[in-house]
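Student: Below, each chain spelled out in residue letters.
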Amino acid sequence: MTGRHTVEQHRHTVEGTDPGLFVQIHEPANDAGLRPVLLIHGFSSSSKLNWQDSGWITALQEAGRRIISVDLPGHGRSYSPEDLDSYTPSRIRADFLQIVTDAGARPLREGDPATGVDVIGYSLGSRLAWEFGATQPDLVHRMVLGGPSTADPLAAFDLAAAQRHLADGTPINDASTAGLLKMAQLLPSNNLFAMLSLIEAIKEEPFDPSEAAPHMPLLLVAGEKDERAATMPELAAIAAKHGANVETLLIPGRTHTNVVTSRAFKEAAVEFLGV
Amino acid sequence: MTELTFPLPDLGEGLIEATVLEWLVEPGQQVERNQAIVELETSKSALELPSPQAGKVVRIHGAPGDTVNVGEPLIVFEVPDDTAGIVGTVPKDEAPKRRVRLSAVLDED
Numbered sequence: 000m001t002g003r004h005t006v007e008q009h010r011h012t013v014e015g016t017d018p019g020l021f022v023q024i025h026e027p028a029n030d031a032g033l034r035p036v037l038l039i040h041g042f043s044s045s046s047k048l049n050w051q052d053s054g055w056i057t058a059l060q061e062a063g064r065r066i067i068s069v070d071l072p073g074h075g076r077s078y079s080p081e082d083l084d085s086y087t088p089s090r091i092r093a094d095f096l097q098i099v100t101d102a103g104a105r106p107l108r109e110g111d112p113a114t115g116v117d118v119i120g121y122s123l124g125s126r127l128a129w130e131f132g133a134t135q136p137d138l139v140h141r142m143v144l145g146g147p148s149t150a151d152p153l154a155a156f157d158l159a160a161a162q163r164h165l166a167d168g169t170p171i172n173d174a175s176t177a178g179l180l181k182m183a184q185l186l187p188s189n190n191l192f193a194m195l196s197l198i199e200a201i202k203e204e205p206f207d208p209s210e211a212a213p214h215m216p217l218l219l220v221a222g223e224k225d226e227r228a229a230t231m232p233e234l235a236a237i238a239a240k241h242g243a244n245v246e247t248l249l250i251p252g253r254t255h256t257n258v259v260t261s262r263a264f265k266e267a268a269v270e271f272l273g274v
Numbered sequence: 000m001t002e003l004t005f006p007l008p009d010l011g012e013g014l015i016e017a018t019v020l021e022w023l024v025e026p027g028q029q030v031e032r033n034q035a036i037v038e039l040e041t042s043k044s045a046l047e048l049p050s051p052q053a054g055k056v057v058r059i060h061g062a063p064g065d066t067v068n069v070g071e072p073l074i075v076f077e078v079p080d081d082t083a084g085i086v087g088t089v090p091k092d093e094a095p096k097r098r099v100r101l102s103a104v105l106d107e108d
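So the protein sequences, as listed, match chains A and B.
Going by numbering that gives the first Met the number 0, the letters in the first sequence line up with residues 0 to 274, in that order.
Going by numbering that gives the first Met the number 0, the letters in the second sequence line up with residues 0 to 108, in that order.
To be clear, the hints were calculated from the coordinates, so they are not data collected in a lab.
Treat the hints with caution; some may be incorrect.
Stretch-level coverage of chain A by chain B, calculated; a stretch enters the list once three of its residues show a Cβ under 8 Å from a Cβ in chain B [to be verified]: (1) 7 to 16; (2) 51 to 61; (3) 179 to 187.
Here are the simulated DSS-like pairs of lysine-lysine, each with C-alpha atoms no more than 25 Å apart in a straight line [stated by the list, open to error]: (4) B:K43 / A:K181; (5) A:K224 / A:K181; (6) A:K181 / A:K202; (7) B:K43 / A:K224.
For every residue, glycine included, the Cβ atom is placed at its ideal position computed from N, Cα and C.
Okay, chain B solo, but in the shape it has when bound (with noise of 0.2 Å):
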């Protein structure tokens, strides 16, 4: 298992900053890629960042009223090693994970 990291992404129109409205997830669950995990508010509005990722949290960083910049990190999740996107396995990527979410489709079924 690898710990993957991601950072507050850039948000656009010039934004630095977002402030932790509420975490929609919590350590130690799993998650779907897209899946929001967490409302933030800008100087202009209120969004839900969609999961960049599948896997388990970790960590998160930034308790509801707290300030993260672009670029700070922002939630950390644990991800088998060969898809933590490793330079090199950008192709071999992209095939497993449409499988997952096919076979995570008929598993609602």
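Just chain A, with the same shape it has in the complex (with noise of 0.2 Å):
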């Protein structure tokens, strides 16, 4: 245990609007010398749900890996900012480019390993990450992508239905919005207005795989049960077209809440991302 610890990292504006994103750097005990691996967590989650009580910071540190894990805007110790713009994948993005940098972070350079980052997105994650990785090319080596999807359950939710059920009970019809929406108010801790405003900021950059697509080496991980991955074949499909390296593993009987602490996603995270 000797040597491992995890710092807060100080905040900055970015494009002159404070993100007020919660980033915790986890440095591993013995530094195996690898960039480092941006941790990004799914809708209503958090970097301590998603990542650090279910394993994941231990089993990347325990190989010897850097950590940079950030909370999303209305998530986990992240701010809930009032402003739509906060909330949008693009926003977004640029905020992980900032983080990243600001966490040392530098363009890949052929023959050095500790040159660009690594990223394992899940879910939601999973969708921005794809994005990060087509954008930064330049700086994204390689990419762990769980329970993904080539759709946005977050654009095609019916807010209407969603803020009069909020405001007089009216049942809402749609089964997918009904259950990101109980999602949504299962964490105390989660704001619900900040839950709203990012999915209103989705539906305005709502989610096209083929629009941009990742380059660099993939593995998309998924539960057998997962039915909100069910398209992951497409996704990988997209990616192998647009010249992507793509590799996919089912994890037997896991579901997608419960892939998330699977030894073997973790094993198979740290062994792809470990060259």
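Quick one: dock chain against chain with the hints and give me the complex.
Tutor: Spelled out as structure tokens, the structure:
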């Protein structure tokens, strides 16, 4: 355990405003000398739930990796800004770029394993990673996308029905909308206003995986029983069509919620990024 | 030797139970403190539980798919009598634990 520690990165403005994102750098006890790993959690989760409590931070630290974790706006210990712009995927990607740069990530240089950054995303975090990798080819080395999908359930979310339901209890007809709202309400620590702002902002920039696809090697991972990730093969095909080297892994018996702790998932990710 | 039983701890957020996904240790195995022992799923997320104790696992409660309530036995360890945490021995407990952990690290090197 000696030398393994975690520090909070200090805050500063990006494009004139402080995004207020909670960033932590987790140092390994014995650094393997490889580039840092950026972790991007899913909707209605947090770095703590998605990566810390599930054992990912420990697994990556034991592999000698330096980790950058960030809570999405309105999630975990990040601020819940009032303005919608803070929640747009493009703004969040700009914040990621600033965060990894602040953490010391430098553009990839052939033959130098300490340059660039590896990315692990889960669910919404995989969508954001997909776009981040597509737009930052000189920085992103490899990516592991968990519970990924070609679809965008947040863009398809029925905001009007959710607001009616919150106002007077009118039942929500769309099962996906009802499920996502229930997820957002499960954690008392979630700011519901911020969750709905994020959804509204995502509706402005819905996921289109063919529009910009990452070219670096990808590992796509999902639970065998993960209905949200049923389109993973299509996503793999899109990346392959754009020239990416894609591997996929299905974890037997696991769902969208419980694949996160899977040893097989972590071991595959550590191995895939360990080059 | 003494057997020391640990119940499923309070997981916060008002959770009262968890489902066992997969055990990462088995009876007879020697585990370190903070080593991940079990994967659990709650109504909100999936998590790994770190071992509260160094020692030999005697019994585990709950097969994959089983529900365990907060406060119910989850895992039983066999530990030396003087580290069993009997009231009044708590201050003594701290120092040996640190020595054990230090020597464990030296052994690995």
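Student: To test your reading of the hints: which numbers does this structure violate?
Tutor: As far as the earlier hints go, only 1 is violated by this structure.
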